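Asker: Here are the chains, one letter per residue:
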Amino acid sequence: MAKQARMTCRRAIDLLADYLEATLGPEVATDLEQHLEGCAPCRAYLATYAKTRAVAASAARAEMPAEMQQRVRQFLLKALKRA
Amino acid sequence: MPERQVQGPTTRPTEAELVERLRAGDVHALETIMERHASRVYRVARGITRTDGDAEEVVQDVFTTLYQKIDSFEGRSSLGTWMYRVATNAALIKRRGKRATLEVSLEEQLPTFRDDGHREGERSFVLADWSQRPDQELLQGEARRAIEAALDALPEHYRAVLVLRDVEELSNEDVAAALGESVASIKSRLHRARMALREHLTRFHHGATAERSQ
Numbered sequence: 054m055a056k057q058a059r060m061t062c063r064r065a066i067d068l069l070a071d072y073l074e075a076t077l078g079p080e081v082a083t084d085l086e087q088h089l090e091g092c093a094p095c096r097a098y099l100a101t102y103a104k105t106r107a108v109a110a111s112a113a114r115a116e117m118p119a120e121m122q123q124r125v126r127q128f129l130l131k132a133l134k135r136a
Numbered sequence: 019m020p021e022r023q024v025q026g027p028t029t030r031p032t033e034a035e036l037v038e039r040l041r042a043g044d045v046h047a048l049e050t051i052m053e054r055h056a057s058r059v060y061r062v063a064r065g066i067t068r069t070d071g072d073a074e075e076v077v078q079d080v081f082t083t084l085y086q087k088i089d090s091f092e093g094r095s096s097l098g099t100w101m102y103r104v105a106t107n108a109a110l111i112k113r114r115g116k117r118a119t120l121e122v123s124l125e126e127q128l129p130t131f132r133d134d135g136h137r138e139g140e141r142s143f144v145l146a147d148w149s150q151r152p153d154q155e156l157l158q159g160e161a162r163r164a165i166e167a168a169l170d171a172l173p174e175h176y177r178a179v180l181v182l183r184d185v186e187e188l189s190n191e192d193v194a195a196a197l198g199e200s201v202a203s204i205k206s207r208l209h210r211a212r213m214a215l216r217e218h219l220t221r222f223h224h225g226a227t228a229e230r231s232q
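Here the protein sequences line up with chains A and B, keeping their order. Going by this note's numbering, the first sequence opens with residue 54, and the numbers climb by one from there. Going by this note's numbering, the second sequence opens with residue 19, and the numbers climb by one from there.
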């Protein structure tokens, strides 16, 4: 069986998205967790990566203003009448 | 004995019924579909175009397209998925010609590594951890502007994936279906987009911390 690639910071960071979604195989997840235990920069990276996902989603989530909804509705009704 | 609720003509129409009515030219069906889907179409459009004006035009385009091209909707995916696809394409088209003014190369925003696989950079930077700060602090004032600037700087195809995945919370498979791409390509782009944002925000927070300690 092929030996897993040595866990480096580069490889650890490559795996973070799958790690957060819990889709890594158990062996790889264990290797990553062992690396994180001994690597403060990667722990900081994981924490800030997860937080980035959360704050960016909050910042990018825009609700449609009620008056815009009304305008779009009027626009469409007019356009459909013309058609 | 409690009275049984009778389901009358007020029953919420199914998606298939609305599509059928729309095919028959029923404008009220379009209004009902708008009530159900306009918010998400707007969120996607606003997230990708980054302006209210462009987002409004995209919403108009999407529902006009829906009405005009409902016959080409074969029902292989849900109406929601179909609308995500149309909204994403319309928003990406709207962004054409604007990209050079706002976006910077993604490569400049990704972490770099030494030959031995460790991260490059000043020790205080690679150890910077701002994740424990309260959301209120991270989402207001200068910090909020830093997030907005980081989102603006993402190339649009990366931002589209980020919006569909992290804002709309679609699965990788649904994002891949909406964009007509492979799951592997969506996952790779999503990870790179998040890394670029993280780098941008870490530069901002690390810089702010360094300024405070001087």
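A portion of the hints provided could be inaccurate.
[Claimed, not checked] With the Cβ distance kept under 8 Å, some of the chain B side facing chain A (calculated, not the full set):
| # | residue |
| --- | --- |
| 1 | Thr82 |
| 2 | Ile111 |
| 3 | Leu124 |
| 4 | Pro129 |
| 5 | Glu166 |
| 6 | Ala171 |
| 7 | His175 |
| 8 | His209 |
| 9 | Arg216 |
| 10 | Gly225 |
Just so you know, these hints were derived from the structure itself, not from any lab. Predicted model only: the values in this text are computed from it and were never measured. No residue lacks a Cβ here, since even glycine has one placed at the ideal position from N, Cα and C.
Asker: Run every hint past the structure and note whether it holds.
Answerer: Each hint tested on the structure:
1. Thr82: 6 Å, holds
2. Ile111: 18 Å, violated
3. Leu124: This hint is violated: Leu124 (chain B) lies away from chain A, its Cβ roughly 15 Å from the closest one there, beyond 8 Å.
4. Pro129: 7 Å, holds
5. Glu166: 6 Å, holds
6. Ala171: 12 Å, violated
7. His175: 15 Å, violated
8. His209: With a minimum Cβ separation of about 4 Å from chain A (threshold 8 Å), the hint on His209 (chain B) holds.
9. Arg216: 4 Å, holds
10. Gly225: 14 Å, violated
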